[in-house]
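Produce the entire structure from the sequences given, and follow the hints as far as they go.
Protein chains in written order, with numbering that gives the first Met the number 0: chain E, 0 to 260; chain G, 0 to 249.
Don't read these hints as lab results, they were simulated from the structure.
Some hints could be false.
Derived contacts from chain G toward chain E, CB cut-off under 7 angstroms, selection only [as the list claims (entries may be wrong)]: (1) I47; (2) R74; (3) K78; (4) L82; (5) F84; (6) A88; (7) F90; (8) P102; (9) R104; (10) E105.
From the derived model, a few chain E residues whose C-beta atoms are all more than 12 angstroms from chain G [unchecked claim]: (11) G55; (12) V81; (13) G134; (14) Y159; (15) Y190; (16) L241.
Here a beta-carbon is modelled for each residue, glycine too, at the ideal position from N, C-alpha and C.
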Amino acid sequence: MLTRTKALVDRFFVLNVGYVGRLAIYLYTQALEFFYPLRINRIVEQLESVGFKSIGIILLTGVSVGMTFGVQVGAIYSIFGVESLIGSTTGLALAVEIAPLTTAFLVAGYYGSSTTAELAAMKISEQLDAMEAMGVSLLNYFVKPTVIATVLAMPMLYFYFMLMGFLGAYIVGVEMFDISFGNFYVWLKRYVWVEDIVKGAVKSTVFGLVVALVSCSFGLRATGGARGIGLTTSNSVVVNLLAILVADVFITYFQMKRAGL
Amino acid sequence: MIVFEQVSKRFGDLQVLDGVDLHIPANKITFLIGRSGEGKSVTIKHMIGLMKPDSGEIYVDGKRLSALQSDKELREHRKKFGLLFQHSALFDNMDVLNNVCFPIRELEPDLPDTIVEQRAIDCLSKVEMNKMLDRFPNELSTGEKKRAGLARALASEPKILLYDEPTTGIDPLLCETVDRLIVKINNDSPSVSSVVISHDIKAALAIAEKIIMLHHGKVILAGDAETFRRSDNPVVRQFLSGKISQASAF
Numbered sequence: 000m001l002t003r004t005k006a007l008v009d010r011f012f013v014l015n016v017g018y019v020g021r022l023a024i025y026l027y028t029q030a031l032e033f034f035y036p037l038r039i040n041r042i043v044e045q046l047e048s049v050g051f052k053s054i055g056i057i058l059l060t061g062v063s064v065g066m067t068f069g070v071q072v073g074a075i076y077s078i079f080g081v082e083s084l085i086g087s088t089t090g091l092a093l094a095v096e097i098a099p100l101t102t103a104f105l106v107a108g109y110y111g112s113s114t115t116a117e118l119a120a121m122k123i124s125e126q127l128d129a130m131e132a133m134g135v136s137l138l139n140y141f142v143k144p145t146v147i148a149t150v151l152a153m154p155m156l157y158f159y160f161m162l163m164g165f166l167g168a169y170i171v172g173v174e175m176f177d178i179s180f181g182n183f184y185v186w187l188k189r190y191v192w193v194e195d196i197v198k199g200a201v202k203s204t205v206f207g208l209v210v211a212l213v214s215c216s217f218g219l220r221a222t223g224g225a226r227g228i229g230l231t232t233s234n235s236v237v238v239n240l241l242a243i244l245v246a247d248v249f250i251t252y253f254q255m256k257r258a259g260l
Numbered sequence: 000m001i002v003f004e005q006v007s008k009r010f011g012d013l014q015v016l017d018g019v020d021l022h023i024p025a026n027k028i029t030f031l032i033g034r035s036g037e038g039k040s041v042t043i044k045h046m047i048g049l050m051k052p053d054s055g056e057i058y059v060d061g062k063r064l065s066a067l068q069s070d071k072e073l074r075e076h077r078k079k080f081g082l083l084f085q086h087s088a089l090f091d092n093m094d095v096l097n098n099v100c101f102p103i104r105e106l107e108p109d110l111p112d113t114i115v116e117q118r119a120i121d122c123l124s125k126v127e128m129n130k131m132l133d134r135f136p137n138e139l140s141t142g143e144k145k146r147a148g149l150a151r152a153l154a155s156e157p158k159i160l161l162y163d164e165p166t167t168g169i170d171p172l173l174c175e176t177v178d179r180l181i182v183k184i185n186n187d188s189p190s191v192s193s194v195v196i197s198h199d200i201k202a203a204l205a206i207a208e209k210i211i212m213l214h215h216g217k218v219i220l221a222g223d224a225e226t227f228r229r230s231d232n233p234v235v236r237q238f239l240s241g242k243i244s245q246a247s248a249f
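Next up, the structure:
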């Protein structure tokens, strides 16, 4: 059915649109090859690993980072009597930088490393060879579901981290610097715009892609025994962190340039 | 059915296959024997298309493997094979039943779960593992792992069953059990061809219908058990006697 539909679409483009049509066919075929066959159950499994299982750790880290940042900023602001700005400063920093970066580091640390270690162990014990020998595409079975799940989960995890960070900063603001909820919220709303959250979500999505690709490629190319698994996993984590930081520099530069800064 | 023509493969300075010519007949048990490191496992990886030769041609069912260009064509080619790995290579995140169901689900995704499971249980019954469906690989002994691995190899109903050193590292009694299983499966499924990679000459002489011996990357003798028993080739004689001569000790 799918092949027939594809043949009809191809024929329509070739007959009606010429060169542009052929280009469109190429792009369409590439997209089709990436998204078909999609292993929904594998994507759900990976979403569970990268998403649901990280809720606790994101909560703890988000609140801690928000509180720590709130204390540091609040200590300086209290000298000038502008403690009410804790919400806006912490909120902006969390939205555009701290939340996407820390979420990516956390995901690279626990999900990326476990993905690499699992694939490396499977490679070394010939489990991946067994799959290939059965005609299973490792790209379809491992790489695509991991990429799709991570790219989908990261913006959500970022948003969740940011909210937990706001909560941490709010607790500090109320408990240590005597600011009211209204004061915290008004300044937060005034300086943290939807555009800032979109910027953070875009960063998170790119970081998710980086983590998925780096983790899978290291795992699939693992060699050696137990030492090989350890080395591959630690190398994967280091490359993940560096790649995230480099990607952050470029994305921030383009986002700033686009904003005219 | 499987034909190698002048197949060579080199890894760095090591020439593993050096102009190998071999013919594996259909519907028979063929043993590929030789000392460790003589390229036996590399040979079966070439058959499945997991490795490509540096030179030479490989034909499976008359089809030239070098003509298979895309990943899709290669995956279709691999579906003809069932492979029992040396260390079984069972998926350690799945129980025995799901390990055997895996290739069926992959090859026939539209098949209802009940039918998939029944087929898997049938395969496990053939190797007497149908009482251990919910065991995980880390709860199985080496022999049980081998049997579960064999059931998984059978599950996709392959035309060619490849056994990669099925008796290496297991006790003599278990070796005999595995050898009997190979014969039983060949008798139960006459259309299946079995290719056994081994250095167990006793098993080869007992159950093989054709034996091919690799030495220093070349086929030095091919024929039935009698051909091997009568051979005066010193390497074959040495392999049969199991004694190391001064000249070829290292």
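Quiz item: Can we confirm that no CB of chain G comes within 12 angstroms of the CB of G134(E)?
Solution: violated, 4 angstroms
Quiz prompt | Hint status (Cβ of A88(G) to nearest Cβ of chain E, threshold 7 angstroms) | solution = holds, 4 angstroms
Quiz item: Beyond 12 angstroms from chain G, beta-carbon-wise, is Y190(E)?
Solution: Y190(E) is indeed farther than 12 angstroms from all Cβ atoms of chain G, at 47 angstroms.
Quiz item: Once the shortest beta carbon distance from R74(G) to chain E is found, is it less than 7 angstroms?
Solution: holds, 4 angstroms
Exercise. Against chain G, does V81(E) hold up as non-interface, every C-beta pair farther apart than 12 angstroms?
Key: holds, 54 angstroms
Practice problem: Classify the hint on R104(G) as holds or violated, based on whether any CB of chain E lies nearer than 7 angstroms to its CB. | Solution: With Cβ-Cβ at 10 angstroms, over 7 angstroms, it is violated.
Quiz item: Hey, does the F90(G) contact hint survive, CB to chain E under 7 angstroms?
Solution: Status holds, d = 6 angstroms.
Practice problem: Report holds if the minimum CB distance from Y159(E) to chain G is greater than 12 angstroms, and violated otherwise. | Solution: The assertion about Y159(E) holds, with a minimum of 28 angstroms to chain G.
Practice problem: Classify the label on G55(E) as holds or violated, using whether its beta-carbon is more than 12 angstroms from each beta-carbon of chain G. | Solution: holds, 22 angstroms
Practice problem: Verify the interface restraint on I47(G): the C-beta must sit less than 7 angstroms from at least one C-beta of chain E. | Solution: holds, 5 angstroms
Exercise. Check the non-interface label on L241(E): least C-beta distance to chain G beyond 12 angstroms or not.
Key: holds, 30 angstroms
Quiz prompt | Restraint check, 7 angstroms cut-off on beta carbons, for F84(G) near chain E | solution = It holds, given that the least Cβ distance between F84(G) and chain E is near 5 angstroms, below 7 angstroms.
In terms of the numbered hints stated before, the structure departs from hints 9 and 13, listed from lowest to highest.
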